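With chain E's structure known, arrange chain V on it following the hints.
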Amino acid sequence: MDRRQFVIGSAAAALWSHEAAAQEAFPSRAITILNAFPPGGANDLVTRPIATVLEPILKQPVVVETKAGAAGSVGAQVAANAKPDGYTLLSHNNGLAGYAEVDKLFARQPKTTRADFIPLARLSADPVLLLVNDQQPWKTLEEFIADAKKQPDKIIYSSGGFYGASHLPVAMIEHAAGIKGMRHLPTAGGGPAITAVLGNNAQMTTQTVQASLSHIKAGKLRALASYGATRSKALPDVPTMKEKGFDLEYYLWVGLFAPKGTPAAIVSTLTSAIDKAGASPQFTTAMANIGLEPSYQSAADFTKFWDEDSRRAEETIRQIGKVG
Amino acid sequence: MGVTLDSLWLGFSVALQPAVLWYAFLGCLVGTLVGVLPGIGPLAGISILLPITFGLNATNAIVMLAGIYYGSQYGGSTTSILLRIPGEASSVMTCIDGNAMARKGRAGAALCIAAVGSWIAGTFGVIVLTLVAPPLATIALKFGPPEYTALLVLGLVFLAYMSTTSLSRTLLMAAFGLLLGTIGIDPLSGHFRYSFDIPELGDGIGIVPVAVGLFGLGEILATPSHQVTGEVIRPKLRELWPNRQEWRDSGWPIARGTVLGFLIGIIPGSAHIISSFLSYAVEKKISKHPEEFGQGAVAGVAGPESANNAASTGAFVPMLALGIPTGPVTAVLMAALMIHGVPPGPSLVNDHPEVFWGFVASMYVGNVMLLALNLPLVGIFVHLLRIPYAYLYPLIIMFCVIGVYEVAHSIVDVWIMLIMGVVGYALKKFSFDPAPLVLGLVIAPIFEMSLRQSLIMSDGNWLIFLQRPIAFVLMIVCAGLLAMSAFSAFMARRDWRAQMAEEVKE
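Line by line, the protein sequences give chains E and V. For the first sequence, our numbering gives the first residue as 1, with consecutive numbering after it. For the second sequence, our numbering gives the first residue as 1001, with consecutive numbering after it.
Chain E with its partners taken away, still in its complex shape (with noise of 0.2 Å):
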């Protein structure tokens, strides 16, 4: 063989092995799901799962690769950069919708909008509940907001952050009942808000059921309402927001999604995948264990949400306004 043959032959081969790969069936390596929110939190809890659960379903190790910071705005970021080959996806939850808003609000190029992402399944949805603590005297959500429309100023939210899932609720109800002047006490997340309330250094704030169950049990929470569409199961005398003549809906969902420009075909191996592990028995009884009720929705049903709660989050948002 000389090396003209040898040249062609190799390239050859180096073509052909390339067609191979073209063609090689979805996924031929491992899968990895950034997580945009460091770990122990709801995305973290609600990933782990299926991710375990879809490593046979694809025959693949499926890797939860955690990439939190600036309140899940980094992973977003890293995600929408990714090579749209279906082999980085991202679990990311409400905060993907707002970035780009706040942006807009403070005359900022947006880094990341949520055209950047396909969404492909929503793995849980946890109503949020309105909370006050034990020392309080408001047993109802009219006796609260009647005391906050007098003395707004005495009374301190607490909130995971500005314009953040625990901001938003508590903004949207004081729009809807015509509060003003509460005073905003933001922290570092869920877990901390919920601390400020406990101890007392504030007096209201807006959590998850999953995140506020074992305090409400204990009768250390009050909630007042839930922004929940029907009654939580594990609360079912709280009341919804609707039953008391607010039309406000709010979820601090989890969901997962590809980066723009990923193959359909690759697209829908993903989200049969997904589907059929979101309805798989261990995923579910994961679910239940960590507190959570079955609200997994497909890709169609999940994409119709998404406009829409991302319209309420803008919205909400906006009637914020500047703040900080």
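Rather than coming from a laboratory, the hints here were simulated on the basis of the structure. Here the structure is a predicted model, which means the values were calculated and not measured. Mixed in with the good hints there might be a few duds.
[Claimed, not checked] Which bits of chain E does chain V cover? Going by a derived footprint, with three or more residues having C-beta under 8 Å, they are:
#1 29 to 40
#2 182 to 189
#3 289 to 297
[Unchecked claim] Derived Cβ-Cβ restraints for the label pairs, each shown as a range:
#4 V:A1019 to E:K59: 30 to 36 Å
#5 E:A234 to V:P1469: 35 to 41 Å
#6 V:E1354 to E:Q109: 53 to 59 Å
#7 E:A218 to V:T1182: 37 to 43 Å
#8 E:A218 to V:L1033: 36 to 42 Å
#9 E:D301 to V:D1459: 44 to 50 Å
#10 V:P1394 to E:E55: 36 to 42 Å
#11 V:L1482 to E:D307: 47 to 53 Å
#12 V:G1341 to E:Q135: 28 to 34 Å
#13 V:A1175 to E:A300: 52 to 58 Å
#14 V:L1482 to E:A234: 50 to 56 Å
#15 E:R108 to V:E1354: 50 to 56 Å
#16 E:K150 to V:L1033: 34 to 40 Å
[Claimed, not checked] Listed below are the simulated DSBU-like cross-link pairs for lysine-lysine, each with C-alpha atoms no more than 35 Å apart in a straight line:
#17 V:K1142 to E:K322
#18 E:K244 to E:K217
#19 E:K276 to E:K304
#20 E:K217 to V:K1142
#21 E:K233 to V:K1142
Glycine is no exception: its CB is placed at the ideal position from the N, C-alpha and C atoms.
Structure of chain V alone, referenced to chain E:
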């Protein structure tokens, strides 16, 4: 008391089952490894192993994961002492005197004292946890933003005692650290500050890359410029154990570090990082020979190492008793319990006594295991120092880079570490002490947040720091310390400026 003993008996009957023992051992072993390897902190270790525990029952899972957490606190001192690389923020102070001891050939003694101090602190922590967890946790909840602010002010006042250099140099370094701490997203309003459009800087400058850069890399960069005396730090085998004097010198520091660390550990939030800094400052302040600090004082290893272990045990109090995570690690442990259908919180003791007491009892067992695991390792680790510098130092640099990258999978962090390495080299050349810089960086975000939160709570009224009892007491202690140093300066009939000028001249 009788009830507690009965419960503890139940706990030990769970903890001494072969399977539980095995998982406790596994956790302690992984924890020690995680602690020894710089960069891979307990948080990463636990998160990676979390899915593996899905197949276990709740007790085995929590016993193993908690073992990783407190085990890593034992191992964290090893690289600090031998190589001057702090594996995590809480072992920064151990670098200073621990490494100085190693240079004097007392590496074995430093490692032993760190292990024994950790064991005493860990066991004390568990005993207190057993007896008074619920009431203690309720008091800790009273620690709101004003109390936090007061505690951190106390930390800053202590800073003056911490450093081995003059007061003005210490304050300069601390101010530099505080300024570095303002980089990143404004904790309250969410605005980016000094981030230059680098999203990773949004979370601020991490403590681990800075500490590893300043202490580890800075040290290595400085090595070629001075005479290397490789002989001194190779200990003879019979000198591995601490001598009688060293034991005597470390007794009280261990006791004080333990109590201090535990008290700081139960406070929800991230105050536990400052436990080792505070302990170091306390030891230096009350020592009869403060000039030995920085030159290899045993108390400078014993106190902070005990404090960080006691703090890590103390952190379980609010988690188990109230269901409140004190930091990211306890948040992951809580998540692990929840995934297994055991929600932590006030009802945990009654609903799942076998998990609660089994877990507590396993910590007694785990601490003994860790001591047994770590003491024989001392001999092996010390041999590391026999590797010639020409091979050892490139390896250390490699570990620094990998370790720092591993913390957040961020290449920006690696750059920060490299820059800090150069800064550390410069500081060393001009004899500035980097420790206050790290403390400033640790305190800055918590201090800023709690100060601003307090003022939100009081609607801008600064008197809030005097109106709340805990904050008031802490403020009085600060004022007392300041008055004391002012008084002693006055008694010495020297103007403080003259004193400072003199110190600078030195």
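Going down the list of hints, with the structure as the test:
no.: 1; hint: 29 to 40; result: holds (count 3)
no.: 2; hint: 182 to 189; result: holds (count 6)
no.: 3; hint: 289 to 297; result: holds (count 3)
no.: 4; hint: V:A1019 to E:K59: 30 to 36 Å; result: 31 Å, holds
no.: 5; hint: E:A234 to V:P1469: 35 to 41 Å; result: 37 Å, holds
no.: 6; hint: V:E1354 to E:Q109: 53 to 59 Å; result: 56 Å, holds
no.: 7; hint: E:A218 to V:T1182: 37 to 43 Å; result: 38 Å, holds
no.: 8; hint: E:A218 to V:L1033: 36 to 42 Å; result: 38 Å, holds
no.: 9; hint: E:D301 to V:D1459: 44 to 50 Å; result: 46 Å, holds
no.: 10; hint: V:P1394 to E:E55: 36 to 42 Å; result: 38 Å, holds
no.: 11; hint: V:L1482 to E:D307: 47 to 53 Å; result: 59 Å, violated
no.: 12; hint: V:G1341 to E:Q135: 28 to 34 Å; result: 31 Å, holds
no.: 13; hint: V:A1175 to E:A300: 52 to 58 Å; result: 57 Å, holds
no.: 14; hint: V:L1482 to E:A234: 50 to 56 Å; result: 52 Å, holds
no.: 15; hint: E:R108 to V:E1354: 50 to 56 Å; result: 53 Å, holds
no.: 16; hint: E:K150 to V:L1033: 34 to 40 Å; result: 59 Å, violated
no.: 17; hint: V:K1142 to E:K322; result: 32 Å, holds
no.: 18; hint: E:K244 to E:K217; result: 23 Å, holds
no.: 19; hint: E:K276 to E:K304; result: 20 Å, holds
no.: 20; hint: E:K217 to V:K1142; result: 21 Å, holds
no.: 21; hint: E:K233 to V:K1142; result: 32 Å, holds
Hint check: violations occur at hints 11, 16; the rest are consistent with the structure.
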